[in-house]
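Q: Okay, here's what each chain looks like letter by letter:
There are 2 protein chains.
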Amino acid sequence: MSDLPKKIMICEEGPREGFQIEKVPVATDKKIKLIDALSETGLKHIQIISFVNPKRVPGWADADEVTKGFKKYADIDYSPLWLNPKGFERALQYKKKLTLNGKVAIGASEKFLIRNQNTDLEQNLQRQRDSARMYNDNGVPIKSVGVNSAFGCNYQGEIPVSRILEAVAQGFAIAEEFGEKPHQVRLSDTMAWATPDRIKRAVGAVRERYPDKQIHLHLHDTRGMAIANAMAGLEMGVDSYDSAVAGLGGCPFAGHAGAAGNICTEDLVFLCAEMGIDTGIDLDQLIETAQLAERILGRSLPGSVMHGGTLDRFRKAAAE
Amino acid sequence: MSDLPKKIMICEEGPREGFQIEKVPVATDKKIKLIDALSETGLKHIQIISFVNPKRVPGWADADEVTKGFKKYADIDYSPLWLNPKGFERALQYKKKLTLNGKVAIGASEKFLIRNQNTDLEQNLQRQRDSARMYNDNGVPIKSVGVNSAFGCNYQGEIPVSRILEAVAQGFAIAEEFGEKPHQVRLSDTMAWATPDRIKRAVGAVRERYPDKQIHLHLHDTRGMAIANAMAGLEMGVDSYDSAVAGLGGCPFAGHAGAAGNICTEDLVFLCAEMGIDTGIDLDQLIETAQLAERILGRSLPGSVMHGGTLDRFRKAAAE
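Residue numbers (my numbering), protein chains in the order written: chain A, 2 to 321; chain B, 2 to 321.
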């Protein structure tokens, strides 16, 4: 396991992922409280909000208020999500407080694009080109190329590694049209199809083709495979992950009510800490924040270490 | 990942693990219903009951009734758990219906033995010798040597690999005193200290010392690491696992209320199926049985695939 990284970067997505799926909108001050608590844990990248249509996502009708209200720490990137030019324009208003990173995100699955966005692969590329132009025109750097549904799709089935590589190449080509050189390739397991062997094959192929790019994994725990998939990533040297405190978030796809959301931040931090991989995060403080998230939502959340406890207290007691 | 086994053996422990921790005892006929449903899934090894003191474990006061009541399939081993000579004697009554396998189980952690069983390492060896003699006298074969708390202990902390090897050697020595040659080494993560790197180190060391013995893993999911630990086992070629349908069972140790129990059978079967490893189990049937377990206990259970669903229905739809 010599490829295990010494240090990894975690991008916390709990606030953004977690609050959008709640049926009863969470109070604005509670959202801000959770973000402020996350800022105290050692996390350096937090995706805090979604600038989306409040009619479609009522949980984020207060995105502006949350953006204005949270306390910004100088050494932390706070980022928004947007899905279209209107959302991007809203985000642009806050470019002093928020970190805006452009991304060229290619859908690996044409059937999904047709079904959910009414675009085929070619039209999707054109949309991404339009987005890239919009970022370029507004001085927003394109930091990454992403592949969505990289490991499989509920409508298309398995995604071959060759398609992942094609999508990555298409993404870089679009970025280059605007003179950008993204440093990162993001592979997203959007519909929780990944297994450790698929992670290793995909990461291996991308790393071989793009040895100088950072690979980033976005993992869902819908089928309980997320921590094993992260371990596969770590074994392949992947040093950048999205995750959500307490396992916040759920699967927005039909038929998955009750299924878990993103990989849980404290579980990932625990795994890394136990193997000597530095995350820069205070695990005890993070667990307290996960417990705060449970209190805010008023229900048990899927994180494991927040319920099972860490090992350090036993180590300390055993050493006495 | 060339060491991945082509086929693995799963020993289902859901009934035994799951029913003992319930505060309100589960009705005998419901226990029998779950065992009978498990017999229809393709599982070949099911640990169904505990012959323990009904005053200490009220959930198993009906162990005799359950044993008499379940339907025995000829090609399935149904086994009991016992913890002392009295429990063994109760189990012996049912040796036509139940499979009784003797085990020499060495505690890796002396502090745990002292605290929980009031024995030191030497006294524990003597107890195991007494048990082995009892098995021998009653014609019960000693099939395995086990190490409890193999990966760490809440009272002792980390367990070095050298101690695991010592415990295994002590176990084999005791078995040999009675002319027995156990074919299996069972490593139990009794208190959920294992991480994938610890699994690999321990399994690697045992396999190197005992290349002809089967290694078996008993994993707990208290800290969410069980599926990653099983994956580490698979990568090391381990082809024998305990697990519990729906993730039944909990952690009996203090301070872990709400923590998950054993590794979930259907999640493990899903992982294997997706990687082409044969378990002999019908995943859909197993998920239905997990859902039956939820109905019997009247609450949500920790399994993931039972809530997130399998991928095959999407594959079929995508192929149409």
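Just so you know, not all the hints are guaranteed correct.
You can't tell identical chains apart in this list, so a pair holds if it fits in one copy or across any two.
Calculated pairs, DMTMM-like style, for lysine to aspartate or glutamate (alpha carbon to alpha carbon, straight line, at most 25 Å) [unchecked claim]:
1) Lys73 <-> Glu90
2) Lys7 <-> Asp65
3) Lys201 <-> Asp240
4) Lys69 <-> Asp213
5) Lys98 <-> Asp279
6) Lys31 <-> Glu159
7) Lys45 <-> Asp131
8) Lys87 <-> Glu41
9) Lys182 <-> Asp285
10) Lys201 <-> Glu295
11) Lys201 <-> Asp4
12) Lys34 <-> Glu159
13) Lys69 <-> Glu181
14) Lys56 <-> Asp285
15) Lys8 <-> Glu159
16) Lys96 <-> Glu209
17) Lys201 <-> Asp279
18) Lys8 <-> Asp198
19) Lys31 <-> Asp76
20) Lys73 <-> Asp198
21) Lys7 <-> Asp198
Simulated from the structure, these hints should not be mistaken for laboratory data. Quick caveat: nothing in here was measured; it's all calculated off a predicted structure.
Q: So, for every hint listed, does it hold in this structure?
A: So, going through the hints one by one against the coordinates:
1. Lys73 <-> Glu90: Within one copy only: 21 Å inside, 67 Å across.
2. Lys7 <-> Asp65: neither (38 Å within a copy, 54 Å between copies)
3. Lys201 <-> Asp240: both (14 Å within a copy, 21 Å between copies)
4. Lys69 <-> Asp213: Neither way: Lys69 and Asp213 sit 37 Å apart in one copy and 65 Å across, limit 25 Å.
5. Lys98 <-> Asp279: neither (27 Å within a copy, 53 Å between copies)
6. Lys31 <-> Glu159: neither (40 Å within a copy, 39 Å between copies)
7. Lys45 <-> Asp131: This pair counts as neither: shortest intra-copy Cα distance 30 Å, inter-copy 58 Å.
8. Lys87 <-> Glu41: neither (32 Å within a copy, 55 Å between copies)
9. Lys182 <-> Asp285: neither (38 Å within a copy, 46 Å between copies)
10. Lys201 <-> Glu295: For Lys201 and Glu295, the Cα distance exceeds 25 Å both inside one copy (33 Å) and across copies (34 Å).
11. Lys201 <-> Asp4: both (12 Å within a copy, 15 Å between copies)
12. Lys34 <-> Glu159: neither (40 Å within a copy, 37 Å between copies)
13. Lys69 <-> Glu181: neither (30 Å within a copy, 73 Å between copies)
14. Lys56 <-> Asp285: neither (38 Å within a copy, 38 Å between copies)
15. Lys8 <-> Glu159: between (31 Å within a copy, 23 Å between copies)
16. Lys96 <-> Glu209: neither (35 Å within a copy, 58 Å between copies)
17. Lys201 <-> Asp279: both (22 Å within a copy, 21 Å between copies)
18. Lys8 <-> Asp198: For Lys8 and Asp198, both the intra-copy (23 Å) and inter-copy (16 Å) Cα distances are at most 25 Å.
19. Lys31 <-> Asp76: Intra 23 Å, inter 57 Å, cutoff 25 Å: intra-copy only.
20. Lys73 <-> Asp198: neither (40 Å within a copy, 37 Å between copies)
21. Lys7 <-> Asp198: both (22 Å within a copy, 14 Å between copies)
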